[in-house]
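Fit chain B to the given chain P structure using the hints.
2 protein chains.
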Amino acid sequence: MPKDGPDLSPPTVLRLSEYLLILEQFSKENKEIISSRELADAYGNNASQVRQDIFRLENSGRLGQGYSTWELAEEIRRTLGLSDIRKVCIVGIGNLGKALATHVPFSDYGMSLAAAFDTSPNIIGKNINDLQVQDFTELSKTIKDKNIVIGAICVPTNVAQSVCDTLVENGVRGILNYSRIRLKAPKHVSIQYQQVICSFMQLSYKVSND
Amino acid sequence: MPKDGPDLSPPTVLRLSEYLLILEQFSKENKEIISSRELADAYGNNASQVRQDIFRLENSGRLGQGYSTWELAEEIRRTLGLSDIRKVCIVGIGNLGKALATHVPFSDYGMSLAAAFDTSPNIIGKNINDLQVQDFTELSKTIKDKNIVIGAICVPTNVAQSVCDTLVENGVRGILNYSRIRLKAPKHVSIQYQQVICSFMQLSYKVSND
Chain P
93 MPKDGPDLSP PTVLRLSEYL LILEQFSKEN KEIISSRELA DAYGNNASQV RQDIFRLENS
153 GRLGQGYSTW ELAEEIRRTL GLSDIRKVCI VGIGNLGKAL ATHVPFSDYG MSLAAAFDTS
213 PNIIGKNIND LQVQDFTELS KTIKDKNIVI GAICVPTNVA QSVCDTLVEN GVRGILNYSR
273 IRLKAPKHVS IQYQQVICSF MQLSYKVSND
Chain B
93 MPKDGPDLSP PTVLRLSEYL LILEQFSKEN KEIISSRELA DAYGNNASQV RQDIFRLENS
153 GRLGQGYSTW ELAEEIRRTL GLSDIRKVCI VGIGNLGKAL ATHVPFSDYG MSLAAAFDTS
213 PNIIGKNIND LQVQDFTELS KTIKDKNIVI GAICVPTNVA QSVCDTLVEN GVRGILNYSR
273 IRLKAPKHVS IQYQQVICSF MQLSYKVSND
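Listed in order, the protein sequences are those of chains P and B.
For the first sequence, the positions run 93 to 302 when this note's numbering is used.
For the second sequence, the positions run 93 to 302 when this note's numbering is used.
Chain P with its partners taken away, still in its complex shape (with noise of 0.2 Å):
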């Protein structure tokens, strides 16, 4: 997997990765079965959207009322390809870098934290975790070397385009972008829009209006 799995849009996927996470809590919860109407009450959208998009898995563990929560997840998982390994880099050690690096669970979800990268002295050598932080001049051989497929851009926006230039060159196809500018890139490479001001501008249209 996934090459033979079904080819899931976007939103699908992201919908898929955010259930997993509910469907990890009721576990936790020791919930065993669970409906569609319950995932899509804990998720916030309806039930006939939540069995829309178990019908694209392959094998649901549909039991007769509701599904297993362990086996719904177990095969978003399998679906989604989280058992591989893809391997992540961060560029940009800020608060932001730091925290990503820091807090994300990239083990518990098919991908490792693999480098880290900045330009300040203060910052370069640093460990985060077990991740020695590495100057940015190391990045094209690091990438290379390690096969690193997906990086994040936590640095200023004046220096954005040109990370991201970098990252590509050297086969990063995956881009999790935090700068405010859109980037450019070939077709091939996925980028991924990170604008917190953005989600709050959404929360505070919603406030205003209700």
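Quick caveat, the hints were computed from the structure, so don't treat them as lab data.
Only true hints are included.
Pairs involving identical chains hold if they fit within one copy or between any two copies, as the list cannot separate such chains.
With a cut-off of at most 27 Å between alpha-carbon atoms, the simulated DSS-like pairs for lysine-lysine come out as follows:
#: 1; residue 1: Lys236; residue 2: Lys298
#: 2; residue 1: Lys238; residue 2: Lys298
#: 3; residue 1: Lys120; residue 2: Lys279
#: 4; residue 1: Lys276; residue 2: Lys298
Note that this is a predicted model, so its numbers are computed, not measured.
Chain B only, in chain P's frame:
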């Protein structure tokens, strides 16, 4: 506004806010007119979706073959009610909370960061920009006194629900949740989930299937 404005769905609001950042970027680059196609290319969707979204605005700044970049940006600001000021607080000033407090340009988008809270004696009393981190025990009073309506939860998972409860009890109606659990809140409260690991899973799926 936005009381008399169109009633926009959350995904539309999110896209409009993201178009706004793109338009501002084009504006800085002195690009005065933009086509729906160019906006779609920069955003990563299609021109028909862009036109449909812009159609929801009262005055789109349409000029023959394109839109005035500046007028379209202004109209999005007006529609999203970004000239009113909504007050925001951040709970939990670890690396992530500090990153939000330091880097999110609240005041450029109709918001004001009015308070930050933590429980650690090492963090309470420290300044972030012009804001002094307060003791978490002052949260209820501060939220009411300052009329804070939006809160970002950047605390460990095991206390996220109780922080959410306290925010809601004191009048917060919009919550940005960085913890990994689904939060329970009354229907009038909007919760945005920022589950960074899910964005990484999306990228991981994409790089494995292309």
